[in-house]
Amino acid sequence: KNEVEQSPQNLTAQEGEFITINCSYSVGISALHWLQQHPGGGIVSLFMLSSGKKKHGRLIATINIQEKHSSLHITASHPRDSAVYICAVGDVGDMRFGAGTRLTVKP
Amino acid sequence: EAQVTQNPRYLITVTGKKLTVTCSQNMNHEYMSWYRQDPGLGLRQIYYSMNVEVTDKGDVPEGYKVSRKEKRNFPLILESPSPNQTSLYFCASSLRGIVGELFFGEGSRLTVL
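So the protein lines, in turn, are chains B and H. Quick note on numbering: the first sequence equals residues 1 to 107 in the working numbering. Quick note on numbering: the second sequence equals residues 1 to 113 in the working numbering.
None of these hints come from the bench; they were simulated from the model. Given the structure is predicted, the values throughout are model-derived calculations rather than measurements. Please note: incorrect hints may appear among the correct ones.
What the hints assert, rightly or not - Per the computed footprint, the stretches of chain B lying under chain H, defined by three or more beta-carbons under 8 Å from a beta-carbon of chain H, are:
(1) 24 to 35
(2) 44 to 57
(3) 87 to 94
(4) 98 to 106
Quick reminder that beta carbons are idealized off the backbone N, C-alpha and C, glycines included.
Full structure from sequences and hints, please.
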């Protein structure tokens, strides 16, 4: 069993839909990151969470430390949100990654 | 502009020919790290450094070396590359270890023949 599990693996949505991507982990962590990777490969950090909830524009990320679970929500999805979303967890300097969720938003 | 710069971006080499992939950041970050990304395996951490002269192994350190002689640079060294090191490599940095925002380089696509 992987230490970081993401679901779903693939997700197709219509523009405007509310999207949720889930991440569960089995190790002790000091932080959880949500990353975005567009076709062409560059990786951008969306959120770093150690507790609670954060919001940037249409993106919301939550973490439940006790349940070892995090969710990334996208409100009013747009085709430019099409990308791979990766959950990463770590302690001190060590990091483990989920397999990623490939999101396609159709106009 | 705040950035993490990797070089080379693309490289085709042959088995056994030593190579170095450089990573440099201009944000005075203490933490730097190397990852490789492979289809079906995702991202995996190779080495990381919490500060100058402090390096630690990640998940897949075999076949790689690193050094951190100065804060801004964290080169990845493949002393005798093999075809199984063909991969897309990313460097990242953060002000405060993994509890800070991560900044990624653009990636280096390495092919070992």
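Results for each hint:
no.	hint	verdict
1	24 to 35	holds (count 4)
2	44 to 57	holds (count 4)
3	87 to 94	holds (count 6)
4	98 to 106	holds (count 3)
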